[in-house]
Each structure stands twice: as C-alpha cells, then as structure tokens.
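Whenever a hint applies, use it, and build me the whole structure from the sequences.
FYI, in the working numbering the residues of the sequence shown are 5 to 257.
Note that these hints are calculated values from the structure, not bench results. Just so it is clear, CB atoms sit at the ideal spot from N, CA and C, and this is done for glycine as well. One thing to keep in mind: the hints can contain errors.
Claimed, not checked - Below, in silico cross-link-like pairs of lysine-lysine (DSSO-like), each with a Cα-Cα straight-line distance of 27 angstroms or less:
(1) K140 - K119
(2) K13 - K23
(3) K140 - K67
(4) K212 - K165
(5) K221 - K67
(6) K193 - K230
(7) K165 - K60
As the list claims (entries may be wrong) - The following label-pair restraints were derived from C-beta to C-beta distances:
(8) N6 - T139: 32 to 38 angstroms
(9) P97 - D211: 38 to 44 angstroms
(10) L58 - T31: 17 to 23 angstroms
(11) E65 - K140: 42 to 48 angstroms
(12) K119 - Q182: 34 to 40 angstroms
(13) K53 - D131: 30 to 36 angstroms
(14) D177 - D211: 15 to 21 angstroms
(15) D186 - Q7: 22 to 28 angstroms
(16) R141 - S210: 30 to 36 angstroms
(17) G134 - L234: 31 to 37 angstroms
(18) E26 - N78: 27 to 33 angstroms
(19) R21 - Q182: 40 to 46 angstroms
(20) T31 - K124: 33 to 39 angstroms
(21) N228 - T18: 29 to 35 angstroms
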Amino acid sequence: MNQPIVEIKHVDYTYERQKVLENINLTIEQGSFLGLVGPNGSGKTTLLKCLLGLLKPQQGEIKLFGQSIQKFKNWHEIGFVSQKANSFNTGFPASVFEVVSSGLTSRLGLFKFMKQQDRKRVYEAIDAVGLSEFTKRNIGELSGGQQQRAFIARAIVSDPKLLILDEPTVGVDAKTVQNFYDMLLNLNKELGITLILVTHDIGTISDKVSHVACINKHLHFHGNSKEFELLKDDEMSDFYGHSLHVLSHDHSH
5 MNQPIVEIKH VDYTYERQKV LENINLTIEQ GSFLGLVGPN GSGKTTLLKC LLGLLKPQQG
65 EIKLFGQSIQ KFKNWHEIGF VSQKANSFNT GFPASVFEVV SSGLTSRLGL FKFMKQQDRK
125 RVYEAIDAVG LSEFTKRNIG ELSGGQQQRA FIARAIVSDP KLLILDEPTV GVDAKTVQNF
185 YDMLLNLNKE LGITLILVTH DIGTISDKVS HVACINKHLH FHGNSKEFEL LKDDEMSDFY
245 GHSLHVLSHD HSH
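Given below as structure tokens:
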C-alpha cells in the first residue's frame, strides 16, 4: 500500500448554520488519480478549500503528507488549477513561457532571476502539457483548452507531488476534453503526480482515473474505478438525489 498523501478524518464544514460537509473520511494514496464527483452544491469545492488550507473545518482533521494541515508548510508540493483560468485576463501581455515561469515565484521569490535549471524546468513543464510549439505565443492567442494546459504547466513547474484541478474542462469542447484527460493521465503515470480532479464528467473520466469519490454532503462512495463502474444507475441516482443520465457526456455548457 502506498503512503497516504491526503488523510481526511471526520471532517464537518458548516456555512452560516448550513452543514455542507458531514463526517467526511477520505484517504488518498500517493500515485493515485482520484475523480471527485457530485452534484452542484454538494460540497466538492468546499472540500478542496479545506485541503488547500483556505477554510478550516469546524470538526475533524486533515493531514497532508502525514502532517497535520495546521503545521504543514510545504505548499509548493501542492499545485492547484482552478475552474478555468476564465478569470484570467486574456488580454494580459504575457507569453506562455512567462505565464508558466510565474509558477516558480513561490520558490524563487518575486524578483529573483531564473537560473539555467529554472528555465529548463519551465521548458519541461510546457513540453509535458504538449505546448512546446506555443512557448513564445501570447497566452491570449491560445484556445480555451490550450490556456488550461498552460495553467497546468504553471502548476506543475514547481514540481508538486499533488495536483488538484477544479473542473478544469468547463467550456472546453468534447474532442479537446479527451486529449486533456489523456494528458492528465500521462502526468499521473509518467511524472508520478498524484491527482485530484473535480468533475461532472463521470462518463468520460471513469476509464482514466484510478479511484472515484462521490460527495453530496456525505461521502457516498469511495473506491477504485472498476468498483465505481459496477454501481447501478439507481444507486448513483440515490447519491445525486436525482436521475444521473443528465450528467454524462454533457459538454454543451
């Protein structure tokens, strides 16, 4: 059994007297690729914020790399890609190289000059996400899917052991989404990065991820992808509180 990277024990989170997470117990082992699924408002993003130390659960404990989150200092070991760098100003005059190298500032400090090995690291990260031919291109000239790849490169350039992605394929077309998931699988297999992917796209990811966790306030299911595929539709609908076929392969929004 691999060493656990994330241990969540009996975690509760309440927003304004409304319980969003209740008694969540979840262990994520090194090298796994976890798909975190659940309906809108199910607490997935809240759980991510707790993992990233942005929110403090009212109950329970979280450990990262075997260390209590309160004592954890090595945040460069965790990369995060939010729900589309949609919020990113695409008119911003920065090349792909510059955007990706900005992922090193936590390690280098803001005004330190990049050494040769830092530049090499940036090129490797760009190559890992398949954007080598766009290195000098302005980020605003890329498609939505390519921009997301650039943001993943920025997240992996500091060599994280864990990469968390919050619905990174929102607004990306279906064909690109498949390539995108293949790229994530490659990061997981070739670079050994542990991945947590929040997604609505159950149908598409079940053959890519190693494990699936279903959250809807409670943790309803956690197991490997084979066990997940054996779940019956009515069991899944129970988790979600409504019929599930709505969620599969819907790339229209």
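Against the structure, the hints:
1. K140 - K119: holds, 19 angstroms
2. K13 - K23: holds, 16 angstroms
3. K140 - K67: Between K140 and K67 the Cα gap is close to 40 angstroms, so the pair fails against 27 angstroms, i.e. violated.
4. K212 - K165: holds, 19 angstroms
5. K221 - K67: The given pair, whose Cα atoms are some 20 angstroms apart, holds under the 27 angstroms limit.
6. K193 - K230: holds, 18 angstroms
7. K165 - K60: holds, 22 angstroms
8. N6 - T139: 32 to 38 angstroms: holds, 34 angstroms
9. P97 - D211: 38 to 44 angstroms: holds, 40 angstroms
10. L58 - T31: 17 to 23 angstroms: Given range 17 to 23 angstroms: holds, Cβ gap about 21 angstroms.
11. E65 - K140: 42 to 48 angstroms: holds, 46 angstroms
12. K119 - Q182: 34 to 40 angstroms: Between K119 and Q182, where Cβ atoms are some 37 angstroms apart, the hint holds.
13. K53 - D131: 30 to 36 angstroms: For D131 against K53, whose Cβ atoms are near 31 angstroms apart, the range 30 to 36 angstroms holds.
14. D177 - D211: 15 to 21 angstroms: holds, 19 angstroms
15. D186 - Q7: 22 to 28 angstroms: holds, 27 angstroms
16. R141 - S210: 30 to 36 angstroms: The hint (30 to 36 angstroms, Cβ to Cβ) holds, given that R141 and S210 are roughly 34 angstroms apart.
17. G134 - L234: 31 to 37 angstroms: Holds, since G134 and L234 (Cβ atoms, about 33 angstroms apart) stay within the stated range.
18. E26 - N78: 27 to 33 angstroms: 29 angstroms Cβ-Cβ, so the 27 to 33 angstroms window holds.
19. R21 - Q182: 40 to 46 angstroms: With a Cβ separation near 42 angstroms, R21 and Q182 satisfy 40 to 46 angstroms, so the hint holds.
20. T31 - K124: 33 to 39 angstroms: Holds, at about 35 angstroms.
21. N228 - T18: 29 to 35 angstroms: For N228 and T18 the Cβ distance comes to about 31 angstroms; the hint holds.
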